[in-house]
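Using the sequences provided together with the hints, build the complete structure.
Residue numbers (the UniProt record's numbering), protein chains in the order written: chain A, 1 to 353; chain B, 1 to 353; chain C, 1 to 353; chain D, 1 to 353.
A hint or two may mislead.
Put simply, identical chains are the same to the list, so a pair is met inside one copy or across any two.
[As the list claims (entries may be wrong)] Capping the alpha-carbon separation at 30 Å, the derived lysine-lysine pairs in DSSO-like fashion look like this:
no., residue 1, residue 2
1, Lys-162, Lys-318
2, Lys-42, Lys-85
3, Lys-74, Lys-197
4, Lys-318, Lys-192
5, Lys-312, Lys-212
6, Lys-163, Lys-250
7, Lys-302, Lys-59
Please keep in mind that the hints were generated in silico from the structure rather than gathered at the bench.
4 protein chains.
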Amino acid sequence: MFNEFGKVIKITTFGESHGIAMGGIIDGFPAGLTVNFDQIQKELDRRKPGQSKIVTQRKEEDKVEFLSGIFEGKTTGQSIGYIIKNTNQKSKDYEHNLQVFRPSHADYTYFSKYGIRDHRGGGRTSARETANWVVVGALCKQLLPDITFQAFVSSVGDIETKKDIYDLDLSLTENNIVRCPDEEVAEKMIEKITQIKKNGDTIGGIITCVIKNVPVGLGEPIFDKLSSRLAQAMMSINAAKGFEIGSGFKGTRLTGSLHNDIFAEGGKTLTNHSGGIQGGISNGMDIICRVAFKPVATIMKKQDTIDENGNKAEIQGKGRHDPCVVPRAVPIVEALAAMVIADFSLLNKLRKI
Amino acid sequence: MFNEFGKVIKITTFGESHGIAMGGIIDGFPAGLTVNFDQIQKELDRRKPGQSKIVTQRKEEDKVEFLSGIFEGKTTGQSIGYIIKNTNQKSKDYEHNLQVFRPSHADYTYFSKYGIRDHRGGGRTSARETANWVVVGALCKQLLPDITFQAFVSSVGDIETKKDIYDLDLSLTENNIVRCPDEEVAEKMIEKITQIKKNGDTIGGIITCVIKNVPVGLGEPIFDKLSSRLAQAMMSINAAKGFEIGSGFKGTRLTGSLHNDIFAEGGKTLTNHSGGIQGGISNGMDIICRVAFKPVATIMKKQDTIDENGNKAEIQGKGRHDPCVVPRAVPIVEALAAMVIADFSLLNKLRKI
Amino acid sequence: MFNEFGKVIKITTFGESHGIAMGGIIDGFPAGLTVNFDQIQKELDRRKPGQSKIVTQRKEEDKVEFLSGIFEGKTTGQSIGYIIKNTNQKSKDYEHNLQVFRPSHADYTYFSKYGIRDHRGGGRTSARETANWVVVGALCKQLLPDITFQAFVSSVGDIETKKDIYDLDLSLTENNIVRCPDEEVAEKMIEKITQIKKNGDTIGGIITCVIKNVPVGLGEPIFDKLSSRLAQAMMSINAAKGFEIGSGFKGTRLTGSLHNDIFAEGGKTLTNHSGGIQGGISNGMDIICRVAFKPVATIMKKQDTIDENGNKAEIQGKGRHDPCVVPRAVPIVEALAAMVIADFSLLNKLRKI
Amino acid sequence: MFNEFGKVIKITTFGESHGIAMGGIIDGFPAGLTVNFDQIQKELDRRKPGQSKIVTQRKEEDKVEFLSGIFEGKTTGQSIGYIIKNTNQKSKDYEHNLQVFRPSHADYTYFSKYGIRDHRGGGRTSARETANWVVVGALCKQLLPDITFQAFVSSVGDIETKKDIYDLDLSLTENNIVRCPDEEVAEKMIEKITQIKKNGDTIGGIITCVIKNVPVGLGEPIFDKLSSRLAQAMMSINAAKGFEIGSGFKGTRLTGSLHNDIFAEGGKTLTNHSGGIQGGISNGMDIICRVAFKPVATIMKKQDTIDENGNKAEIQGKGRHDPCVVPRAVPIVEALAAMVIADFSLLNKLRKI
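Now the structure itself:
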């Protein structure tokens, strides 16, 4: 009921970062898709640790193994089980945490909630869970060959691209390790992260996601608006603290006469303050959303904290952590977007007799 | 499946603004609560049209009638059916829309999706639906007598309170018609809305919501984080375009050493950048979130648009509309927050043996 | 979560027999169906009390009012709210029950579970709830014009038709008040019920349901087999104590070589021991199932019982009750079957790319 | 959405009999249970093939591996992932089926539904799936240490025990390979199955399940009655064709005055025709239900059939199959019963304030 997402393509996931394996079940995936396994692995590689100098130096293979639901290279319509083995757990790196709660982590809340502490790398709350989603997102992208999902880093700390989305060449995103298509800004971001890392500190950032060629009509009334479900999905990423669609927070300063998207012929609109969603339903324009990520909580500096008995203690991060989460979060944002869009695409087959 | 919200207290709603009645069913509400009906009506009155000069001048009674699930003043544990009759539909006000799509409304997307057009005031997409939620939220508040839900208007267009939440006296919120507890700013907001209305235009704004005395441990792993569900709920409000929790978008500019909330003794934290949620679970600090609302799409100015055949047309708003949605959205934000918290409170009874 | 049924056409219901109204919400019903309201009322009339001398003599109009989701005679794709007002509650008839538990009723279990007693006619547990389903079933039948749902009474006590289903003319079912198409047997059933009623007693019976022209492929793997969901639905009818599909309990005595349904050309089978379902999925043959109903618990004879304090007491039924539930349950069985089949028909649009 | 079962303890499963592994995820299982792994394996061993001369001679280890959700021997409250590797797939045994549909199997319906054929041992429709359930059921039993689940074989073909349940010593069930506690009858059943097997044929049977020490109050209104959910669960077992609770089909012949269960003091009843469930809710008496299983469809005799093009063909079973499914289905029935009861037990914590 709680480790699941989706209506008619539903995923349920499991796994702790330092357990035997992560994994999941995809239920409701249609039969007949010829699976491109290389493409799935490629997406996992975009997310995996150790891929560049500005991300965590952990080395994980992140190889997905499909256990069911695919036969002779095609989806069968049956539930797709998969696992990603954990090969590089260094639980020792976390032993110093055994008695204390890491500030702004989930240690305290999970211990309070469940009465049990899995101190090894955050247990279930580890961002390693997002590998599970990338598998599903990659399959969903294959189900929607005409739709493109392009996320990129639009800011790192106070370094941000000032360019309009349509002045950016999004095909450049993967050309640099920070995944910002504004190459001048990308360089500054990389410098920033490098500096922050040297300080033993971390920094936040924002990811923008553009989804093109979405048909009109995706999304459902009321609580399953396309915007509501995208928000839920994105806010489920570790460290996400904000979500906006189209004009977002800035749009609150506009008047209706400036904000309204006037129709051109054919149903397109002259502007896209709506971010591709009106009344919760896609209107055929590009869907544009942004996700805010706080700085990673694990820093290499000494911090005050408390232990499990509520007494004062000190903590200092060890091990291999990301100084900034956004570069590796780019494929995660795309994966979640693909899951939401695929789910609603299927649902849309049911709306008229 | 789509007009519903909640896990173990689940609501399902129905109703078009110009149909016979709005209504809903609350399923899973525990037995034994003595219902304070006046309190429910009071919440509905905070939301209802016509309550001040800066909101729509429609006159709706918004009286809720409970049809089941309450016996001799107490909830019975059975599904609670309720309706709110529509008494003031002036469908005529919408006849001029019959052939054209209103810009930045849901007309075009709903027509494309369902192949059917209910032109009377937006049909199912009307913000009148939110009256349904206020009923549920009011019941949920009564289930959680120790928790307070206080939303207020923090900005209208570019008029915003600069005060820290803890420098505001939230008990003042209901003292003015715009529902901003910073009274000096409130006056400017009212002026702003009055001016905007005179121009036949509309304006956006932001609502901040503070939830106090939330126990540690609410929220569920992964996709049902407290933050994820609050985001889904708030983004379901008509005109919502953004959501943030705690430090939100601004927090992306901070370093981890500044952003981390250091524990004080007893599990409280010295700062609250987390906004009361860590790892998706409440940590006992105040939950603080913000919701961005775009300007209302219906303006009294002439706009270009297209008709159902895709041909160019013109449109001009008539009838009685809100120049700014945020004053009336304050009780709606609280209602949704109460629904989410009540649902997770119940769920939390299931987490340990 | 608990007063609901269905996957993509989901109903949620509410109402106590002696409250203001029964009702429900149908969520996910496709747009574009021209609703035949007379047909819906006709189904309600088949179920309603007072229709013949062998059923309860209560007089309820059972008029359904649709509050939303239908515009200009067509479904809009939005949630369909409806109510059926309770016009003939004689709560007084139940006052003698106030302190005691009726044997084999739900009084004791509901009181134990919820700590609250709605003594008026069973409250939520009243079979009046089934009127809600008949509305939904009638709409679902209209969605499936090619499929026929034909239930009939196959036994009352030990009076049963010995004829094979294919030797019965099911169009005769509605010709007699007991709803058995074997007219000779029908007469004996009516006699039996009349006699039983005269004794102040009640009697059980069995309903057989035949569903024709079901396409191959309905039903989903594992726990949502067509047979599983039909079983769940039918066992939800008040007084249902057994369910079987195809050869059912008798089929346990056969060998595989006798029981297997050999394929004829075109995928049809020479026999139909499977009852139209193989591996949980419809195979294109007639679906045939049977539902067992225990005798109605309310009898006009004096019975020993206990009161709410656990002390010995006596009880004697008053009021207007059915001596045998099966004649009025025929349209209920059909309604549930139609709901299940409609839901799975929609779902089947999602199974292949 | 479809390979799942349960409300607040929800399982989702995957796996084909001849794929890499079966497995599942248990979501919502409470934290803090010390897991008895031996007990789980013991239940799997009761179900596994090759355990006696009257069941299939396939040799599968059926070792469950838990991948998550259990830490240092205790459940953590996180989703529990597990797999059971398939070690003894002889897909070759099924190659003769490649072009033809096995009568009364799921081959034809699955191929029609999904357009894809996994001919290896039935793919997803294999009864091997039930191993997944036994794992979950075993965990659920541990969650309910006071409740006992005792299923046994009550008939094989026309050989049935005539003894009343309370005249049987259910502790004897596991003493013989057919799992019937009436030892005299058990011997005849074993003879029967041995004879049937020698003929290359198969035979059906009935399992009775008794659940003791169930608290009053389990089950939810309307469609989630305890009886409805037990029916859904049991009808999901491969080959199940009927379900009854308490007096079941035979109870239809009784009058109310004979069938009603008169209360004794303390809420117990003098008889138990209700089978422990009244109004869909457990009443504290033993829950008694029966499940009918048709004869296994795979026989060693030649049968007429059709191929994938609809042309006439012949088929003859090969490989290692059960001549009668009921002995191995006993632990499966218990597992499903435990899942349903555990789920409702948790839910019951939510019903009163």
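Hints versus structure:
no.: 1; hint: Lys-162 <-> Lys-318; verdict: neither (36 Å within a copy, 39 Å between copies)
no.: 2; hint: Lys-42 <-> Lys-85; verdict: both (17 Å within a copy, 27 Å between copies)
no.: 3; hint: Lys-74 <-> Lys-197; verdict: neither (44 Å within a copy, 37 Å between copies)
no.: 4; hint: Lys-318 <-> Lys-192; verdict: within (21 Å within a copy, 53 Å between copies)
no.: 5; hint: Lys-312 <-> Lys-212; verdict: between (51 Å within a copy, 25 Å between copies)
no.: 6; hint: Lys-163 <-> Lys-250; verdict: both (16 Å within a copy, 19 Å between copies)
no.: 7; hint: Lys-302 <-> Lys-59; verdict: within (25 Å within a copy, 57 Å between copies)
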